[in-house]
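A.B. asks: Okay, here's what each chain looks like letter by letter:
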Amino acid sequence: MKIVVPIKLVPDLVDEFEIDASGKALDTTFMRLILNEFDEHAIEQAVLIKEKGGGSISVIAPEYDGADDVLFTAAARGVDKLIKLTGDFESTVSTHSLAASMSEVIKNEDADLILTGVQAYDSFDGPIGPFLAEYLEMPYVGYVSKVSVSDGTCTVHKEYPGGVAAEMEIQLPAVLGIQAAEEPPRYIAISKVRQASKSSTIEESAAGEAIMGGVATLDRMYVPEIGEKAVMFSGDEDQVADQIIEVLREIGIL
Amino acid sequence: MANEIFILIEHFRGQLADITYIMAAAARSASAGGEHPVVGLLLGHGVKDIVSDLDVDRVLSVDDSALADFTSDTYVHYLENLLSTYSPRALFVGDTSVGSDIAGILSKRKDIPLVSGCKEVFLRDGSLHFLSQIYGGKIMAEGEIPTPIAILSMIPGGYKPDQGQGSKGPEIEEISIPGPEKVRIKLKEYIDPEVGDVDISAESRLIAVGRGIQREDNLELATELAKALGGVVCASRPIVDQGWLSTSRMVGKSGKAVKADLYLALGISGAPEHVEGVADSGMIIAINTDPAAPIFDIAKYGAEVDILDLMPILTEKVLAARGS
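Going down the list, the protein sequences come from chains L and R. For the first sequence, this note's numbering assigns the number 1 to the initial residue and increments by one for each residue that follows. For the second sequence, this note's numbering assigns the number 255 to the initial residue and increments by one for each residue that follows.
A portion of the hints provided could be inaccurate.
To be verified - Each computed DSSO-like pair below joins lysine-lysine, with the alpha-carbon atoms no more than 30 Å apart:
#, chain 1, residue 1, chain 2, residue 2
1, L, K198, L, K146
2, L, K52, L, K24
3, L, K24, R, K436
4, R, K362, L, K24
5, L, K229, R, K362
6, L, K146, R, K440
7, L, K107, R, K414
8, R, K440, R, K364
9, L, K198, L, K52
10, R, K414, R, K554
11, R, K302, L, K229
12, L, K229, R, K481
13, L, K2, R, K302
14, R, K362, L, K81
15, R, K481, L, K50
16, R, K481, R, K362
17, L, K107, R, K436
18, R, K554, L, K146
19, R, K481, R, K571
20, R, K414, R, K571
21, L, K2, L, K107
22, L, K50, R, K414
23, L, K229, R, K440
24, R, K481, R, K302
25, R, K481, R, K513
26, L, K2, R, K362
Note that these hints are calculated values from the structure, not bench results. Everything numeric in this text was worked out from a predicted model, so none of it was measured.
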């Protein structure tokens, strides 16, 4: 079972966001990039599949700041092959373009199964999975929370609102958009990552020409005024509790 | 027609999804003068009756046993066909387990630009524009909906479902399209969530816990507080993924949408997928040691104290206030 996990790095949601001088793009100068949380689940799910039935896993990351660390952490998790897609990736590269570049690399991996996070917060043109599936001419199922594989097919749980799941059978090779791994991603000690950085190599693969078509041009990008941020209670737990009781009285709960 | 707005009707078990009404509302609001007729695309099997209160001008209905359930392969096949026959100005799909699976496939296959995270649609200088969000709404972007055609993946929040409801049922035109030759995805069965003892979407007082609860045995503190307040405990995704609470208690995009009078969010960061399920609630109070947590953007009141210390103290004070 050959599994490929394309991942990306995204800005952290708790960071401050600023718009650059053009007024149409994010200022990424001081942004700290982290592994897309859903891609972390995709890596974990791949490792779970490998632990159950054997196989090998390749992870592909674009050459963002911090990519090496993310790749070595993946190795410490149990990933066999680390690939870095090199090129000039601005954070505004479209998902479609990224999929075009990624699929060129994936074509060489002879994959049975491609797992990727079901979404990423920084995309303007949707998740990468469906684009990858189309470039690779494979079926796509997203919002997946359980995966089991057998000869030539995989069976997944696809999530719908209200906690309903659909059990689907898919012909391999296929692309799955992972919502949640079957187990929460395991904790990886820094020491293991350090070990991996010494024993693993990162293969580099040059991204082709980014395809810039098919992306909407923007009139403007802005940080919205948060209507009203929460009024913060001050003091210790006891004082906060008193203030909460006040509010509960005001709204008639008490 | 080149100026029509198509919306992909999302439905499940005989009911239209809220996002369907929201998309109709969006299309209508951008076309108050009738510049862009709104057409619903209904792909299904034996479901024509469900569109009677949808505010669209007409519905193109494809009824086929192959469409009894959603798979991306099947829907893409029919939509590809419809897009080739009709050339709408735009196709709206929901940013959901249905729409998000197919939008990118159609975009690549038909070479049609895709704009996702779309919250609102409006006319400016005579042409259609979108307002989209990324980073869960921390960044907004506006632009013209690409011409001559584009796919928009819409999220809730810009319109209320009742804005997309109408009393004049749309005319329904039945279209016959040959079924797909190759379908690589097969639905085996639906699995309903364990019927919980409570339906959190009907509860008015909710104590919601997130990662901040740290360990399973700390849940008891939340249960005690909920009991004192006459409410129930619910949770964000990570708690349910750990198996500490059943799926029936999950609030958010994949779980339930709640409309509580009181929503006490304890140790919840406020990721967009969670917040989507809370937005209709009344009084939201959030406790999180991280002052930058996005939950504080939707909460009315907040505090940075430790929830494990706060809960027993608050429980005691609530019980005292109730005179027990």
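A.B. asks: Starting from the hint list further up, note which numbers the structure goes against and sort them upward.
C.D. replies: When the structure is compared with the hints, numbers 1, 2, 3, 5, 7, 11, 13, 15, 16, 18, 20, 22, 23, 24 turn out to be violated.
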